[in-house]
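*Asks:* Given the coordinates of chain V, work out where chain F should sit on it, guided by the hints.
If you read the sequences in order, they're chains V and F. When you number the first sequence by the numbering used here, it's gap-free, plus one each residue, and the end is 352. When you number the second sequence by the numbering used here, it's gap-free, plus one each residue, and the end is 280.
Keep in mind that the hints are not guaranteed to be accurate.
[Unchecked claim] According to the in silico footprint, chain V covers these stretches of chain F (three or more CB under 8 Å from chain V):
| id | region |
| --- | --- |
| 1 | 163 to 176 |
| 2 | 180 to 191 |
[What the hints assert, rightly or not] With beta-carbon atoms standing in for the labels, derived distance ranges:
| id | chain 1 | residue 1 | chain 2 | residue 2 | range |
| --- | --- | --- | --- | --- | --- |
| 3 | F | 10 | V | 121 | 30 to 38 Å |
| 4 | F | 112 | V | 69 | 52 to 60 Å |
| 5 | F | 75 | V | 13 | 47 to 55 Å |
[What the hints assert, rightly or not] Interface residues of chain F toward chain V, partial, derived using beta-carbon atoms under 10 Å:
| id | residue |
| --- | --- |
| 6 | 64 |
| 7 | 194 |
| 8 | 195 |
Quick caveat, the hints were computed from the structure, so don't treat them as lab data. Note that this is a predicted model, so its numbers are computed, not measured. Where is the CB? At the ideal position from N, CA and C, for every residue including glycine.
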Amino acid sequence: MDVQVEQICKAFGEYAALDHVSVTIPSGQLTALLGPSGSGKTTLLRVIAGIEAPDGGRVKFGSTDVTNLPVRSRGVGFVFQDYALFDHMTVAENIAFGLSVRKTAPAQIDARVRDLLARVQLSGLASRYPKQLSGGQRQRVALARALAPDPQLLLLDEPFGALDARVRAELRGWLRRLHDELHLTSVFVTHDQEEALEVADQIVVMSSGKIEQAGAPDEVFERPASAFVMDFLGGVNVLEGHARGDHAVFGDLVLPYTGSGTGRARAYVRGEDLVLRQPVAGDGGDAAVPVTVERVRRRGITARVLVHSEEHGELTAEVPHHELVELGVERGTKLVVEVRSARIFVERERAA
Amino acid sequence: MTPARSPVSVEPAWVRAVLITAALGFLAVFLVLPLGAVLHAAFGKGIAAYLAAVSEPDTRAAIKLTLLAAGIAVPLNMLFGLAAAWAITRFHFPGKRVLITIIDLPFAVSPVIAGMLFILLFGAHGLLGPWLSGHGVKIVFAVPAIVIATAFVTIPFVARELIPALEARGPEQELAALTLGATPWQTFCRVTLPNLRWPLAYGAILCTARAVGEFGAVSVVSGHIRGETNTIPLHVEILYNDFQYQAAFAVATILIGIALATLIAKSLIEWHAGRGRRSH
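Pulled out of the complex, with its shape left as it was, chain V reads as follows (with noise of 0.2 Å):
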């Protein structure tokens, strides 16, 4: 079941969370809300849920229309970002919820926490208490509650956002594995742009209330709409220039443009797409751009490297292990970088 939000609108106050807002939702695909904090990406998918009335527009599940639906008759599980699970209850009384307000019987009840329980790997600690579980096992219970009732949407906010790294990780895994299992329509909130990018089949980059791109993490990656996408999903240096024509120029730095029109540039670079390598007699041309090296911060099999241009300023390149090596890379050391790929967005010049 695919889920069509229709020009929502939301505001709180005089902020307006959510600004006319339409996007689809994919059938059985897993789908990230990415934005930063305050983008509206947590009230679009409370908006989804129903327990976030829209001010305007309308929210369809497959052909129905589900906006003046109340929440308990939405067919939803929706995973809270501190889980909100029941403190009073135990691990199957949590998960068992869904079902026993629904007068389900008791065998069946039983048989179906067994399986979620089992699904989610904690199969030893159905009579434990939220309070004495970890944070990681708290998610799954969590999210065994949601399934429970066997919803036809599921919804996370911020699944891992309150997690340490190793736990997040292996969770991301662990939600991928389980959405392929299932092939449930999900949607999640998320602020981590990697986290997007590696769990979810699409994408939907949000921005001050609006949506700024929706589509494969490949394309959103590869093919950024607008600036912002580009600048959120990572590691990206700005050059300042002019775009003239079918080219750009950025001080000393010459680059190929296929837009059309003139005017103030900026062409964004991607941290893997700055080459270093040693200076070379007859440099200084169209593509390389003399710098010093500030700082190297090492982060596993990569490296970024901190470089000085008179020009550019500050400029980050992600280096290889084995290139850092090769370069002989240190503080102080003199290099050229040139620029392998760049996205130059124009700003469309103001009629004089």
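*Replies:* Chain F in isolation, oriented as in the chain V frame:
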């Protein structure tokens, strides 16, 4: 981080000794000594005299009335406290500030004034008095006024316990219950109420203690009719004024017993609630 240091341990030993002695001395003079005096006076003429005083018909009537007033006022204020705390913490509505202020009013107003208020309202020359007596309803100087006055002075206790508990918890668990398909009533019974059981019990106990011990407001509206409109505290006063000291103190021990029971129940609840917090 620097290790947390107990502030007590930095005081010199003699300061500690002085403070502890002062605190314990104060307790001895103002609490233990009077308590001992009451018990001594109550049992001074022997167990038989004590039992006779406690089982005397007017005393029994006073106990019955006190329990009746508390038995109505406490559940009433539990309901009111739940509704008010829920409304205040979960909704925005005009008059919310006023409601919070009104809940605290009985704390601010002297109980005697509260009693006068009901005389002005329901008394023979009061606002509603003539109409009520025209319909054969007697409130002031009768049991209804005692119940009403008791309920009034105990309004804040339950709500004041529940508001911070609800604020601390936020609405997520209720929302979770709704997404899982629970009706609002199921959500209230199975999620909200069980989560509030300790603060609710705590509030109810404080409420009961105050209801049983209330003197000022009840004294104004009761009319002091022996065997009819006397509560335990009023009965103690009457006996005392009649120079029946032993009987007065004997009845007073009932109030002491209730106070002790309240303290024990209160500690048990604090221990329970504290244990829940520690294992968090």
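*Asks:* Hint by hint, say whether it matches the structure.
*Replies:* Now for the hints, and whether the structure bears them out:
With 4 residues carrying a beta carbon less than 8 Å from a beta carbon of chain V, the region 163 to 176 of chain F meets the three-residue requirement, and the given coverage holds. Judged by the Cβ-Cβ criterion of 8 Å, the region 180 to 191 of chain F is covered by chain V as claimed, because 7 of its residues qualify and three suffice. The supplied range of 30 to 38 Å is broken by residue 10 of chain F and residue 121 of chain V, whose beta-carbon atoms lie about 49 Å from each other. The hint said 52 to 60 Å for the Cβ distance between residue 112 of chain F and residue 69 of chain V, and at roughly 56 Å that hint holds.
Range check, residue 75 of chain F to residue 13 of chain V: Cβ separation about 39 Å, and the 47 to 55 Å hint is violated. For the restraint placing residue 64 of chain F at the interface with chain V, the shortest Cβ-Cβ distance is roughly 37 Å, beyond the 10 Å limit, so the hint is violated. Interface restraint check for residue 194 of chain F: the shortest CB-CB distance to chain V comes to about 5 Å, inside 10 Å, so the restraint holds. The beta carbon of residue 195 of chain F comes within 6 Å of a beta carbon in chain V, closer than 10 Å, and the hint placing it at the interface holds.
Checked against the numbered hints above, the structure breaks hints 3, 5, 6 and satisfies the rest.
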